[in-house]
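Kindly generate the complete structure, drawing on both the sequences and the hints.
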Amino acid sequence: MENQSTFKELLVCNLGLIDYKSAWDIQLEYHEKRRNNLVPDILFLCEHPNTYTLGKVAQKENLLYNEKDLKEKNIDVYEIDRGGDITYHGPGQVVGYAILNLENWKKDTHLYLRSLEEVIIKTNLNYGINSSRNEKFTGVWIENRKICAIGIKVSRWITMHGFAYNVNTQLNLFEGIIPCGISDKEVTSLQKELKTKIDIEEVKMKVINNFKMIFEYSNITLKSIDELQN
Numbered sequence: 001m002e003n004q005s006t007f008k009e010l011l012v013c014n015l016g017l018i019d020y021k022s023a024w025d026i027q028l029e030y031h032e033k034r035r036n037n038l039v040p041d042i043l044f045l046c047e048h049p050n051t052y053t054l055g056k057v058a059q060k061e062n063l064l065y066n067e068k069d070l071k072e073k074n075i076d077v078y079e080i081d082r083g084g085d086i087t088y089h090g091p092g093q094v095v096g097y098a099i100l101n102l103e104n105w106k107k108d109t110h111l112y113l114r115s116l117e118e119v120i121i122k123t124n125l126n127y128g129i130n131s132s133r134n135e136k137f138t139g140v141w142i143e144n145r146k147i148c149a150i151g152i153k154v155s156r157w158i159t160m161h162g163f164a165y166n167v168n169t170q171l172n173l174f175e176g177i178i179p180c181g182i183s184d185k186e187v188t189s190l191q192k193e194l195k196t197k198i199d200i201e202e203v204k205m206k207v208i209n210n211f212k213m214i215f216e217y218s219n220i221t222l223k224s225i226d227e228l229q230n
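Numbering-wise, the sequence shown is residues 1 to 230 according to this note's numbering.
FYI, nobody ran anything at the bench for these hints, they're computed from the structure. The beta carbon of each residue, even a glycine, is placed where N, CA and C say it ideally should be. Where hints are given, some of them may not hold.
As the list claims (entries may be wrong) - Heads up, simulated DSSO-like pairs for lysine-lysine below, C-alpha to C-alpha not over 30 Å straight-line:
{"#": "1", "residue 1": "K185", "residue 2": "K153"}
{"#": "2", "residue 1": "K21", "residue 2": "K68"}
{"#": "3", "residue 1": "K136", "residue 2": "K106"}
Unchecked claim - Computed spacing ranges between beta-carbons, pair by pair:
{"#": "4", "residue 1": "K33", "residue 2": "Y78", "range": "19 to 25 Å"}
{"#": "5", "residue 1": "D76", "residue 2": "N130", "range": "33 to 39 Å"}
{"#": "6", "residue 1": "N172", "residue 2": "Y78", "range": "25 to 31 Å"}
{"#": "7", "residue 1": "N172", "residue 2": "N36", "range": "31 to 37 Å"}
{"#": "8", "residue 1": "S218", "residue 2": "V77", "range": "26 to 32 Å"}
{"#": "9", "residue 1": "K73", "residue 2": "K33", "range": "33 to 39 Å"}
In structure tokens, the structure reads:
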């Protein structure tokens, strides 16, 4: 039986719209604090300005836009330490960065990935959408259309990075990349599937509730970044 004693409390911090570098620095700070047991598990939720991120195994040719395109469209590019290839972040997308100690849950990175997928699958179901996993590719899919990308890093059983869930996302900016290095699949969003704009704060609350259920937390505390740092 797993020791759940330190895994029952989850802090949730909504960072709002924040540039990628600032959010990355926050992740690094709280990853270190979690490793030293200075904070409980934390789920950061946010949106980013237009950004492409390349994971550790990303192929540079999967970035299709040149420097001129990137500048004209005001898109930042970062090479980062998560798994996976290239993906897009932008306004209207719920990004989740989970800083969890898997030693207090289950020391299984594959199960952790599948559980993140399950959080999004349950959230889609809250909106009447059936979605599933793809046995070949990480993430959440509606038939042949990807609605959520997932990429993580686990160091000393403390997690970083997480998921990018398309809600009201500007999907045309995926045209500047080969998303996750997969050329024969489409991307989609809740807005596209439901044919109406979705309240993104409502989506975040559904994600939080499903995260609590899937990862078996008994207590959720919502804090701003200022409250977290004071």
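Verification of the hints:
Between the alpha carbons of K185 and K153 the distance comes to roughly 25 Å, so the proposed pair stays at or under 30 Å and holds. Using a Cα cut-off of 30 Å, the hinted pair K21 and K68 holds, with the two alpha carbons roughly 21 Å apart. A C-alpha spacing of about 23 Å is found between K136 and K106, which places the hinted pair at or below 30 Å, so the restraint holds. The hint said 19 to 25 Å for the Cβ distance between K33 and Y78, and at roughly 22 Å that hint holds.
Between D76 and N130 the Cβ separation comes to about 34 Å, which falls inside the hinted range of 33 to 39 Å. Remark: the range hint 25 to 31 Å for N172 to Y78 is contradicted by a beta-carbon distance near 21 Å. One distance hint, 31 to 37 Å for the beta-carbon pair N172 and N36, is violated here, with the actual separation near 43 Å. Judged by the Cβ atoms, the range 26 to 32 Å given for S218 and V77 is violated: they are separated by roughly 40 Å.
For the hinted restraint 33 to 39 Å between K73 and K33, the CB-CB distance of approximately 36 Å keeps it satisfied.
In summary, the numbered hints that this structure violates are 6, 7 and 8.
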